[in-house]
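**Q** Please model the entire structure based on the sequences and the hints provided.
Each chain is listed here by its residues.
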Amino acid sequence: MSITASGLAAATPLASGRFLDNPVFHNQLPDAVLETIFMTAATAVIVAIFGLPLGILLHNLGPKGLSPNSPVYRVVSLVVDIGRSIPFIVLMISLIPFTRFMVGTALGWQAAVVPLSIGAIPFFARLVENALREVSSGKVEAVKMMGASSGHIMRQVQVREGLPGIVGGFTVTVVALISYTAMAGAIGGGGLGALAYNYGYQRYQGDTMLACVILLVIIVAVVQWVGDRVARGIDHR
Amino acid sequence: MIELTDVSKVYPGGVTALDSVNLTIPDGEIHGIVGRSGAGKSTLIRCLTGLDPATSGSISVDGVDLGQARGAALMKARRSIGMVFQHHNLLDSRTAEKNISHPLEIAGVPAKERKRRVEELLELVGLTDRRRNHPSQLSGGQRQRVGIARALAAEPRVLLCDEPTSALDSGTTRQILELIRRLRDRLGITVIIITHEMSVVREICDSVSLLSEGRIERSGALLDVIQDTGSPLSKELISLPPTAALRPGDTLVEALMAESSQLADVGQLFSLLSSQGLDARVEAGTIETIQGRQVGRLHIKPTTRAEAEQIAAVLRDHGIHAELTTGAEVEAERAAHEEDDARAEQQEENQ
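For the protein sequence lines, the chains are V and W, in the order given.
My numbering puts the first residue of the first sequence at 260, with every later residue one more than the last.
My numbering puts the first residue of the second sequence at 17, with every later residue one more than the last.
Watch out, some of these pointers could steer you wrong.
Stated by the list, open to error - Taking lysine to aspartate or glutamate pairs in the DMTMM-like style, the calculated list, with each CA pair at most 20 Å apart, reads:
| id | chain 1 | residue 1 | chain 2 | residue 2 |
| --- | --- | --- | --- | --- |
| 1 | W | Lys251 | W | Glu339 |
| 2 | W | Lys114 | V | Glu400 |
| 3 | W | Lys92 | V | Asp487 |
| 4 | W | Lys251 | W | Glu275 |
| 5 | W | Lys114 | V | Asp487 |
| 6 | W | Lys114 | W | Asp81 |
| 7 | V | Lys323 | W | Asp68 |
Said to hold, decoys possible - Under 8 Å between C-beta atoms, here's a sample of chain V residues computed to sit facing chain W:
| id | residue |
| --- | --- |
| 8 | Ile355 |
| 9 | Arg359 |
| 10 | Glu393 |
| 11 | Lys398 |
| 12 | Glu400 |
| 13 | Ala401 |
| 14 | Lys403 |
| 15 | Met404 |
| 16 | Met405 |
| 17 | Gly406 |
| 18 | Ala407 |
| 19 | His411 |
| 20 | Arg419 |
| 21 | Leu422 |
| 22 | Gly424 |
| 23 | His495 |
Calculated directly from the structure, the hints in this document are not laboratory data.
For every residue, glycine included, the Cβ atom is placed at its ideal position computed from N, Cα and C.
**A** Okay, here's the thing in structure tokens:
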């Protein structure tokens, strides 16, 4: 779908009559931005809370972990991969009954958080697993030699030494989440995605589409910038 | 005291990595364990630390059996051994002082006590001014010194060093070895150094063991081992550089000056020979000062076979081991040695 904004505008009978002079900008746009931010932030928190332990579990059950257990690893791994392989739009629709059960409704940004979290937790867990695998086994052995418990090794060695990688993975996850929020918006989740779809696409408002695109790009750029800064700040390699 | 009794390790695949190893290392000694790659050095370390328990046999450190310890007892036993690694294995996220205090945190030492101890250790390894640097901001030698300080933090009785200098240049190597010796003298700890560098053994070890195909082939005090002319370890410790100008038919006297020598240095050996009217040329020679004694191996080339026997007799009279050899034998020995090296290298690549 490659339609330029100005081309769209020319073909669009706007209520106000002029490109960029659109009441949607005052009435809906600020709320949509906030909804996108809330949706992303709430999901990010949930993903961090559940994805990090799941990633640590995956790594430590795996062949290079603290207590390798290949049958259990394969089961957990399979569940994670199933979660990752379902196209998000399908996941979202199939989760509607569950979302209703959890939030009471399938509409609005609060409802969108449920499928977003379920889609992003396995994604982030895999990235955490990768980050932990990068921590050299020598460091783990050195600390093991000090008589450390497994819990201590996970927190103080695996997570602490793998933190730059974990933060990088989290940034990637949040950026992916932002694009998922747009998809969630299309089926009633609200936010910039909903605005772009309902006004930019359905009502041929090229200026609304353009505004949504620019705002999404800015949000992604800010997230990426913050993520990179944090990762650099904690990276002492 | 460290005591290994009949320690064997068989890996699940059926590979025997250690084959009834017996070894006793008295308190306060620096003991070197040498061997080619694949000889079982790494396995021995893993057994000693309990990271990978031995299949059979017992390993005791100061009377505590490491081989049988499990769970909490193993964790406690591990604290009696400090370990220094080839690639330091410091945590990049921690500063030098935090790395050193890490074992103390794990042992539950109160913060105030930790601070005092870290201060002491930083001073001991000469890094007081680098305390707030992260490992990435330190040189290889400094990192290794932090690693040593960390290994000593929990006041272990044993310092286990796995190739501690293999990643360092020769100047830094000397500094690190000097530090290890000084720490032994000061703290009275027992040190085990696993290495493939004979120079490390010559420089610092009191005693040495040669590990070969999972067995201890030879073990003893350094000078005794060198004195033992039949042992391959003696030839490795005091090895001769290759000589190009040797013909297969040449007769040579191979002389080994070691503990039993009545001569103080090599200069005396030459004056002795010339005073007997024996005019000999040195084809190749290696002289080392080990534990304050001059030790050396020489290839002396006489003009005739009769002269060779005369030279050997004179040297033997003065407690120097001497035997006749030929250019062909020397050549064959070197070829066999190179083949061994090539095989070890091949093995390393395969791993």
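**Q** Which of the listed hints are not met by the structure?
**A** Going through the list in order, the structure violates hints 3, 5, 6, 8, 9, 10 and 22 and respects the others.
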